[in-house]
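> Heads up: the sequence shown is residues 744 to 904, going by this note's numbering.
Hint data in this document are derived by calculation from the structure and do not stem from the laboratory.
Every value quoted in this text rests on a predicted model; they were computed, and no experiment measured them.
Please note that the accuracy of each hint is not assured.
Keeping only pairs whose Cα atoms sit at most 16 Å apart, straight-line, the calculated EDC-like set for lysine to aspartate or glutamate is [as the list claims (entries may be wrong)]:
1. K876 <-> E862
2. K876 <-> E815
3. K775 <-> D789
4. K765 <-> D782
5. K800 <-> D782
6. K765 <-> E828
Now the in silico label distances, taken between C-beta atoms and shown as ranges [to be verified]:
7. D794 <-> V814: 34 to 42 Å
8. L844 <-> D808: 27 to 35 Å
9. K785 <-> G835: 15 to 23 Å
10. D794 <-> A845: 23 to 31 Å
11. N781 <-> K903: 40 to 48 Å
Built from N, CA and C at the ideal position, the CB exists for glycine as well.
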Amino acid sequence: MRTQQITCPSLAWLLPSPLFWKPAEVLVQTDKYNYTVNDFQKLFTDMELPDAWEMRKDTEKYTRDFSAPGVEVHCIYGYNISTVERLVYKPGTWLDGYPTLATGDGDGTVNLRSLNACEHWRKRSLRNGNPVKSLPLPNAEHLKILHDQRVIDYIQLVMKN
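Turn these sequences into a full structure, and let the hints steer you where they fit.
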């Protein structure tokens, strides 16, 4: 499964962004090296996955600009569900082992920091007349949110207005 997953170009889009993670914040912890958002090339090299680094390089230029899109935005996301934030490898194991998953808040798939990234547009969007509206939903899971009655009700309300 790992071999297949690492060849998916979408993986490069899903990596944490330096726009929202601090440079010294550890994402992958080993007894040999602690990897941060600034260490993706080293991480992929150490994992012997040069193609993954090439895919990351291809997408990186598109993820640096986090400008507001210039239209009304509705951010709907879940939170209050344990979500992976960091991989911790036991001493003596390496990146091909099975890490302990350190968790934080999110929707079970995406962490809260990424889910509410659109909040960064709020101040800028008010100046240009394109509002950013948020509907954070406690205990709404990543895929189940699509069938959540709170989301359906919200979309119906937006469509009526």
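> So, for every hint listed, does it hold in this structure?
Each hint, compared with the structure:
Restraint check for K876 and E862: the C-alpha separation of about 8 Å stays at or below 16 Å, so the hint holds. With a C-alpha separation of about 8 Å, the suggested pair K876 and E815 falls inside the 16 Å cut-off, and the hint holds. Annotation: proposed proximity of K775 to D789 holds, straight-line Cα distance about 11 Å (limit 16 Å). A distance of roughly 12 Å separates the Cα atoms of K765 and D782; the hinted pair therefore holds under the 16 Å criterion.
A C-alpha spacing of about 12 Å is found between K800 and D782, which places the hinted pair at or below 16 Å, so the restraint holds. Between K765 and E828 the alpha-carbon distance is near 13 Å, which keeps this suggested pair within the 16 Å criterion. Our hint of 34 to 42 Å for D794 and V814 holds, since their Cβ atoms are close to 35 Å apart. The hinted window of 27 to 35 Å between L844 and D808 holds, with their beta carbons roughly 31 Å apart.
The supplied range of 15 to 23 Å is met by K785 and G835, whose beta-carbon atoms lie about 20 Å from each other. Evaluation of the 23 to 31 Å hint for D794 and A845 yields a pass: the beta carbon distance comes to about 27 Å. A hinted range of 40 to 48 Å for the beta carbons of N781 and K903 is consistent with their spacing of about 46 Å.
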